[in-house]
Amino acid sequence: MYLWIWLRLPGGSRVRTVELTLVLLAVAALLWLVVFPWASLHLPVDQAGIG
Amino acid sequence: MRSFLRGIGELLVTCGVVVALFMAYMFWGTGLRESDAQHRFAGELGRQWGAAPGLALAGDAGPLALGQPFAFIRIPAFGRTWRFAVVQGTGTAQLALGPGHVPGTQRPGQVGNFAVAGHRVTAGNPFWSLPTLKPGNKVFIDTIAGTYEYQVNARPVWVWPGDTAVLAPAPGFPGQQPRRAWITLITCDPAWSGTSRVIVTGVLIKRIPRAATNGS
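Top line first, the protein sequences correspond to chains A and B.
Take any residue in the first sequence, note its place counting from 1, add 102, and you have its number in this note's numbering.
Take any residue in the second sequence, note its place counting from 1, add 5, and you have its number in this note's numbering.
It cannot be assumed that every hint is accurate.
Some chain A residues well away from chain B (every beta-carbon gap over 10 Å; in silico) [what the hints assert, rightly or not]:
#	residue
1	110
2	123
3	127
4	128
The following label-pair restraints were derived from C-beta to C-beta distances [unchecked claim]:
#	chain 1	residue 1	chain 2	residue 2	range
5	A	103	B	163	44 to 52 Å
6	B	96	A	114	49 to 57 Å
7	A	113	B	45	38 to 46 Å
8	B	137	A	125	41 to 49 Å
No lab work stands behind these hints: they were computed from the structure.
Even glycine gets a Cβ: it sits at the ideal position worked out from N, Cα and C.
Looking at chain A on its own, in the form it has when it is part of the complex (with noise of 0.2 Å):
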């Protein structure tokens, strides 16, 4: 999986590494920005109301 992006990545391994990192960033962020604050609200954990 991850030999199939680097070898997709333009540029020589230098450049190709700040372009991972960059992507792995980037997947990050949007797990921690979009996709984890909705898992929250939807997941049944720590349940506190009555009823």
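Start from chain A and add chain B according to the hints.
The following block gives chain B in isolation, referenced to the frame of chain A:
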């Protein structure tokens, strides 16, 4: 075959990292979201209350929109700086931002039952220490009209999540006419779960109008 297995391995490792990241979000991220909202609520309420001074204690009767902050809860037994804005509603979207008033139960200071639910963990862990409250502990509710001082009257009790009797105007006695102003605090137990609820009740012992509290 080998590259297929490596792909599966990378996928599983990635899933593990994502789950770990999600746990980190539940521990800290939800707290950040909640404290952002709480700062905003404190600013909103401060401006609202400053603009409408000297309301009688009856000023707490207006309609509330879902998610609207309208009061602060303070419990000195949890620490001198422990204070949360209370929002209307107890859906996950409301409890993610602060303790929520159970719709349909009474408003602060009214005869009947002012019921507030809050997260035990996540979202700033507002009600983490709820099971440690003892009879005699004070619970203060600040509103636009003033401060209501409640006193915990019994040890915490554990109930099933469907036990709506604790929300009755006379807590625990649905159908009976309430004669006092009660407060009911609700959170989950054990932490992280939806198995049961811890309930703490208190009774109103003092009303302090806003004029006398000097806008604090």
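Let me make sure I understand: some of the numbered hints might not hold for this structure. Which ones are they, in numerical order? Violated hints: none at all, because every hint is consistent with the structure.
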